[in-house]
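Novice: Sequences are here, hints too, so could you generate the full structure?
What follows is each chain in one-letter form.
Number of protein chains: 2
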Amino acid sequence: MSDTHDADDGDDQDLGVTKSKQYETGEWYAEVVQKAGLANYGPDGMSGFIVTRPRAYELWERLQGFLDARFKETGVQNAYFPMFIPESYLEAEKDIVEGFDPEVAWVTHGGTEELDERLAVRPTSESIITPYISQWVRSHRDLPLRVNQWCSVVRWEATETKPFFRTKEFLWQEGHTAHADEDDAWNETMLRLDQYESAYEEMLGIPVLRGRKPEHDTFPGADATTTVEALMPDGKSVQGATSHYLGTSFAEAFDITYADENEEDHLAHTTSWGFSWRALGALIMTHSDDQGLVLPPTVAPEQVVIVPIWQSDTRAEVLEYAEGIAEELEEAGVRVELDDRDSRNPGFKFNEWELKGVPVRFEIGPHEVDDGEVTVVHRPDGEETTVDREGVAETARDHLDTVYGKLYAAAEERLDTEVREADSRSEILGTIGQHGGYVKAPWCGDEACETEIKDQIAAEIVMVPFPDDDDRRDDDHDDDCAVCGDHATRTAYFAKSY
Amino acid sequence: MSDTHDADDGDDQDLGVTKSKQYETGEWYAEVVQKAGLANYGPDGMSGFIVTRPRAYELWERLQGFLDARFKETGVQNAYFPMFIPESYLEAEKDIVEGFDPEVAWVTHGGTEELDERLAVRPTSESIITPYISQWVRSHRDLPLRVNQWCSVVRWEATETKPFFRTKEFLWQEGHTAHADEDDAWNETMLRLDQYESAYEEMLGIPVLRGRKPEHDTFPGADATTTVEALMPDGKSVQGATSHYLGTSFAEAFDITYADENEEDHLAHTTSWGFSWRALGALIMTHSDDQGLVLPPTVAPEQVVIVPIWQSDTRAEVLEYAEGIAEELEEAGVRVELDDRDSRNPGFKFNEWELKGVPVRFEIGPHEVDDGEVTVVHRPDGEETTVDREGVAETARDHLDTVYGKLYAAAEERLDTEVREADSRSEILGTIGQHGGYVKAPWCGDEACETEIKDQIAAEIVMVPFPDDDDRRDDDHDDDCAVCGDHATRTAYFAKSY
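Top line first, the protein sequences correspond to chains A and B. Residue 1 is where the first sequence starts when you use the working numbering, and the numbers rise one by one after that. Residue 1001 is where the second sequence starts when you use the working numbering, and the numbers rise one by one after that.
FYI, nobody ran anything at the bench for these hints, they're computed from the structure. One should not assume that every hint holds.
Each computed DSBU-like pair below joins lysine-lysine, with the alpha-carbon atoms no more than 30 Å apart [what the hints assert, rightly or not]:
no., chain 1, residue 1, chain 2, residue 2
1, A, 35, B, 1236
2, A, 72, B, 1072
3, A, 496, A, 406
4, B, 1236, B, 1021
5, B, 1236, B, 1035
6, B, 1162, B, 1035
7, B, 1019, B, 1406
8, A, 72, B, 1236
9, A, 72, A, 21
Specialist: In structure tokens:
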């Protein structure tokens, strides 16, 4: 390529990520979030809150669009419920909501008046949505009933803020459904888990492991909590999204009954399922590098950036050529940005767009114009090819697919490497201690065996994989529990977790 | 048409709206909202809150889609800011936010701990967004800067709940922008007002009046508040959406300065603008009737409902014919519902879909099948035509356009009739007292003249129209103020208001 790349701007280094992903993962993550313009921390006095800047919000909108379309294709309707929940609603079913009670923000005053009853800012909405579903369901003809809301929720957790991974307020969707029987509700639970898996695998370039949480770690009130788990580069697991089969416990608590065809009353079976902006955290963490953000083309605000490289005598022809290409890409539906700023040199622009995560760069200088070509560079591996100007939009699509494939393949390879087996307590401890990642081990199902591991290295059972033939059954197992030596009833995936 | 229309279901009357729009407007409105499945009231202890059911939320989503696309085409980026605002942020600029202070919900506890500083649930977000804009703006190259968020806000008003018109929590969007100078900021203010006007006129079938609020009624801290006003059938005006030119007051308070090309610092000029679900209230109120909801085809979840009319011996052929038509409409992108329920007779279905506001009904019986035709019925005027099966999708589109045109024309005619002129205090009082609607009168600009009218008949100045040539200037006027007789400087529109 042209040799005008050298940085003549003095402020190049402002763009640089200074921390190392490998050695200072936490600081590196915070720096990428900040410098790529994804989020700012909340105001003084509001630790735990973040401001989601347009670049991150656009990623969220694409995920929203993907999931929302799939929800609607499969019978879900969006709705909106109040953001406050009366304390008595939360208290009414202590055993169901127990897990949330201490973690909510409380509204005590409206204007200058103290409220008769405190209102919780919703931490999740089962306790306000279920009573309405109860009103709306009368007959088997009203089932299944599926509502979803896109909103924010607040959980007053006192841990350190990590944008998107851990914030007191976060954006999510919460789906709530009611069904005539267990089969239908269980199918719903798995359908939503499938859709969450698709969001990770088809939009975010992140392969996930799917399974259920151990019984002692299900959502309060749920019969089963299913999860997709994603491996982060620091060897920890992220709970990517969860889908709960709630059995009849919420229907009992809030009286959802329906008349069947013979006018006999039955309790409904309900589900709930949620996907939060934590997925953005997983996205940033998984693919990005020491140059900054790396985005899969599926969600990138700009899929292709065109950087023209000119001297004063070649400016006009290079720019005209570049504009023609930008137009052609735009017409073909490729999200393209032509960076024609005079105030910045190409080297600066390369760094800036790398920091911002644009997956494909077109470099266009006088040579490209003369030869009717375009130089194509991939993020993050820097692979460079020269392609014909002719058919450039289709070529761009091919390269975008290739980049997606590379990101996915790299993540998949890490995941494959990072699932190891262990047959004994010491092997579990040693393997996680040395490598991180997941350790697969036969398990008896007893929480005490997890506790033993947790107490020593803060790893837990993040997932129990589904047996192939039936998502509800426990696995059959010939082995003994790796921790206590009793008969194993399932396989457990141990990992440290976010 | 067929004579199988008579209701053989016993529960037909459950569908009926029992109140009269003309004589019991408030009760009629509440009944339509409830029976058409648009909203429910909030839980006990949460008066002022509503649950937005899927049918209403879908209307909101269509409005959102319309506006969001226009915002993005015109340089706006979506973002998300925390739902809480520290009390000190609100207090910092008392004179700016004074108007909201007593009306907010206060969070005082997080979990079991009392907070050091109370947090307001956002009533609007100027005071939290502007400080971030201040961080993001350094140079003239950062301007204009435009962010928007779709969210809910809370205002603790103690008035009676009226779904969508007046609720303690409501959905809206709030746009916040910063500009280099007054011209650019004023153009922004008017651009957003234009887009709001389009939403009313092109999506909701509601003509609006546009202008500015009197100086004494601007948004706190704003130089000017512009508004689109819609006439409701009870003769009152609804403030449909507002767009504020904030001058430099927020930039001063929160320090938004930028360096111009010569590195000299200047204060930015800012705007904010909001559109809420009150538009849904205006929609329901404007077009609906004593049979229930009436929806313009632009926002209707179902644009065409097909009701097949069969006896047992004609069921198969009628249904097949109807299914073919439904498919053809769907392929053409018409939102169509084929109501093939066996459990309901056609008369019941007619009533139900009328209640739900579907704009066009296709009736298909054996005669239609034999003749290769379709009977088309418009909501709300019941106009019935028979059309050819051939080209039915295009015909459907024509009819949908016709129905939209009818709704708009009816609303426009009412608006034209309901703007009257007055030259004296007694004429203002008499005309509003007798007819409702708007009274146009020359006005000196003094709040005292409005107060005189307000004290007597609770009508206020809802709008001062823009002069044609410049949206910022006051109108020139040769007349005397209708109230005090001093020189009039503008025309005022008096009306009772929601």
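Novice: Against this structure, judge whether each hint is valid.
Specialist: Comparing the hints with the structure gives:
Pair hint residue 35 of chain A plus residue 1236 of chain B does not hold up; C-alpha atoms about 51 Å apart against a cutoff of 30 Å. Between the alpha carbons of residue 72 of chain A and residue 1072 of chain B the distance comes to roughly 24 Å, so the proposed pair stays at or under 30 Å and holds. Using a Cα cut-off of 30 Å, the hinted pair residue 496 of chain A and residue 406 of chain A holds, with the two alpha carbons roughly 26 Å apart. At most 30 Å may separate the alpha-carbon atoms for a hinted pair to count; residue 1236 of chain B and residue 1021 of chain B meet this at roughly 14 Å.
Proposed proximity of residue 1236 of chain B and residue 1035 of chain B is supported: the alpha carbons are some 24 Å apart, at most 30 Å. Only pairs whose Cα atoms come within 30 Å are accepted, and residue 1162 of chain B paired with residue 1035 of chain B is accepted, the gap being roughly 15 Å. For the suggested pair residue 1019 of chain B and residue 1406 of chain B, the alpha carbons sit about 24 Å apart, so the restraint of at most 30 Å is met. Using a Cα cut-off of 30 Å, the hinted pair residue 72 of chain A and residue 1236 of chain B is violated, with the two alpha carbons roughly 38 Å apart.
Using a Cα cut-off of 30 Å, the hinted pair residue 72 of chain A and residue 21 of chain A is violated, with the two alpha carbons roughly 39 Å apart.
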